[in-house]
Amino acid sequence: DAGITQSPRYKITETGRQVTLMCHQTWSHSYMFWYRQDLGHGLRLIYYSAAADITDKGEVPDGYVVSRSKTENFPLTLESATRSQTSVYFCATRGGARIIEAFFGQGTRLTVV
Amino acid sequence: GDSVTQMEGPVTLSEEAFLTINCTYTATGYPSLFWYVQYPGEGLQLLLKATKADDKGSNKGFEATYRKETTSFHLEKGSVQVSDSAVYFCALKGAQKLVFGQGTRLTINP
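So the sequence lines, in the order shown, correspond to chains A and B. Quick note on the numbering used here: the first sequence kicks off at 1 and runs consecutively. Quick note on the numbering used here: the second sequence kicks off at 114 and runs consecutively.
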């Protein structure tokens, strides 16, 4: 039972390139989230999704795009990567009304050079 | 909007010391509250939770009590171990999403 899988685990990309971080869940949880973790800022929400084809902005959405055509996948795309987007990215899921806690993936460490 | 404030770290203790990490929140109504732990190189794991006032969450020797009067959810452990070294996050559940504090790095020395 894999739960949440993020890929890749590590990624180095150049400024201006497009890069997509993948998130896949096996639980069919309704909610999915993307957070970034930076020293001094804790976890900040980028985007979230309440169900397939429903997405909404978090507190730091600029420069990112998401989609959710299927319940189990929630990819995060950096359209034109900048050095300020160097961070550790975490995907998380939450089941819905009855499952109130979130479950996190292992993270993707992204470095933009 | 909803927010969580937790004590700044890093916190360094000796093994078997008593631990308190303070957490206070601002929210509409009475949100569910959580403590998550992040070990090096890993994602966040749920440590404990409380869903209503005066609830006490507990797990692995850690405890936290939901205090409505003081809007607090402080994390405590009576005797810490080296294996407790990690980053601890306090969080609340808003209408749809979780809101996290900044995290507190805890180091336990043998």
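Hints should not be assumed to be uniformly reliable.
Here are the computed lysine to aspartate or glutamate pairs in the EDC-like style, where the Cα-Cα straight-line distance is at most 20 Å [said to hold, decoys possible]:
#1 173(B) - 129(B)
#2 206(B) - 129(B)
#3 165(B) - 197(B)
#4 206(B) - 176(B)
#5 206(B) - 128(B)
#6 169(B) - 155(B)
#7 11(A) - 167(B)
#8 169(B) - 189(B)
#9 206(B) - 167(B)
#10 190(B) - 176(B)
#11 206(B) - 79(A)
#12 57(A) - 115(B)
#13 206(B) - 101(A)
#14 169(B) - 182(B)
#15 169(B) - 101(A)
#16 70(A) - 53(A)
#17 162(B) - 197(B)
#18 165(B) - 155(B)
#19 70(A) - 38(A)
#20 173(B) - 59(A)
#21 165(B) - 189(B)
#22 206(B) - 56(A)
#23 162(B) - 53(A)
#24 165(B) - 53(A)
#25 162(B) - 129(B)
#26 190(B) - 115(B)
#27 181(B) - 115(B)
If you're looking for bench data, these hints aren't it; they were derived computationally from the structure.
Would you pick out the hints that fail for this structure and give their numbers low to high? Hint check: 2, 3, 5, 6, 7, 11, 18, 19, 20, 23, 24, 25 and 26 fail, others pass.
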